[in-house]
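**Student:** Letter by letter, the chains look like this.
There are 2 protein chains.
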Amino acid sequence: MLSDVAVDQREKAYALLKADADKILQLIKVQIDNLTMPQCPLYEEVLDTQMFGLSREINFATRLNLITEEEGKELLDNLEKQLNVLHEASQRS
Amino acid sequence: MLSDVAVDQREKAYALLKADADKILQLIKVQIDNLTMPQCPLYEEVLDTQMFGLSREINFATRLNLITEEEGKELLDNLEKQLNVLHEASQRS
Numbered sequence: 001m002l003s004d005v006a007v008d009q010r011e012k013a014y015a016l017l018k019a020d021a022d023k024i025l026q027l028i029k030v031q032i033d034n035l036t037m038p039q040c041p042l043y044e045e046v047l048d049t050q051m052f053g054l055s056r057e058i059n060f061a062t063r064l065n066l067i068t069e070e071e072g073k074e075l076l077d078n079l080e081k082q083l084n085v086l087h088e089a090s091q092r093s
Numbered sequence: 001m002l003s004d005v006a007v008d009q010r011e012k013a014y015a016l017l018k019a020d021a022d023k024i025l026q027l028i029k030v031q032i033d034n035l036t037m038p039q040c041p042l043y044e045e046v047l048d049t050q051m052f053g054l055s056r057e058i059n060f061a062t063r064l065n066l067i068t069e070e071e072g073k074e075l076l077d078n079l080e081k082q083l084n085v086l087h088e089a090s091q092r093s
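Chains as they are written, first to last, in full-length UniProt numbering: chain A, 1 to 93; chain B, 1 to 93.
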């Protein structure tokens with residue numbers, strides 16, 4: 001049985017991770033809108049570093065049983081999908 | 001008042017972060033022992049990335065009130081001090 005505190009903590013952990021994923025998406029949107037080319041190595045590097053940071057947060061939350069492995073994988077997969085959509089849209093325009 | 005669950009969670013969070021900091025130190029030790037030059041850009045990049053990952057974990061734990069800002073700062077400061085000692089020792093040998 002989980003206490004209310006534990007449930008609150010889990011919900012907060014998930015919300016923070018989701019917000020961090022959204023922040024990465026936002027950062028990439030700004031880069032694309034400002035016409036920094038997605039082919040630019042710096043763009044790739046920023047994205048890789050940000051994704052690594054988020055994956056470390058998710059891994060940490062998983063080890064603390066704040067989120068399940070499944071939830072963590074879903075957060076990263078969703079972000080990657082959204083980034084791909086953005087990337088493809090920028091290539092077409 | 002913190003429940004027992006919350007205290008356990010805080011202790012576990014701190015222990016995980018400490019273990020992750022030790023892992024970075026270990027990684028750098030291995031690099032130095034294997035004579036990869038600390039001047040090598042790859043070495044710097046690996047270290048920067050690892051430090052960034054740990055700082056994201058610490059920031060996340062702080063936002064969840066699992067550790068205090070003070071504890072987080074201390075973890076990073078201690079790691080940096082130990083890395084400096086290692087680095088200086090490798091320069092002298």
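Calculated from the structure, these hints are not laboratory results. Any given hint could be a false lead.
Below, a sample of chain B positions facing chain A; criterion: calculated Cβ distance under 7 Å [unchecked claim]:
1. 10
2. 13
3. 14
4. 16
5. 52
6. 53
7. 57
Which bits of chain A does chain B cover? Going by a derived footprint, with three or more residues having C-beta under 8 Å, they are [to be verified]:
8. 6 to 17
9. 21 to 28
10. 71 to 85
Ideal placement from N, C-alpha and C gives every residue a C-beta, glycine not left out.
**Student:** Next step is simple, just say for each hint if it's right about the structure.
**Tutor:** Hint check:
no., hint, in the structure
1, 10, "violated, 10 Å"
2, 13, "holds, 6 Å"
3, 14, "violated, 11 Å"
4, 16, "holds, 6 Å"
5, 52, "holds, 6 Å"
6, 53, "holds, 4 Å"
7, 57, "holds, 5 Å"
8, 6 to 17, "holds (count 6)"
9, 21 to 28, "violated (count 0)"
10, 71 to 85, "violated (count 0)"
Checked against the numbered hints above, the structure breaks hints 1, 3, 9, 10 and satisfies the rest.
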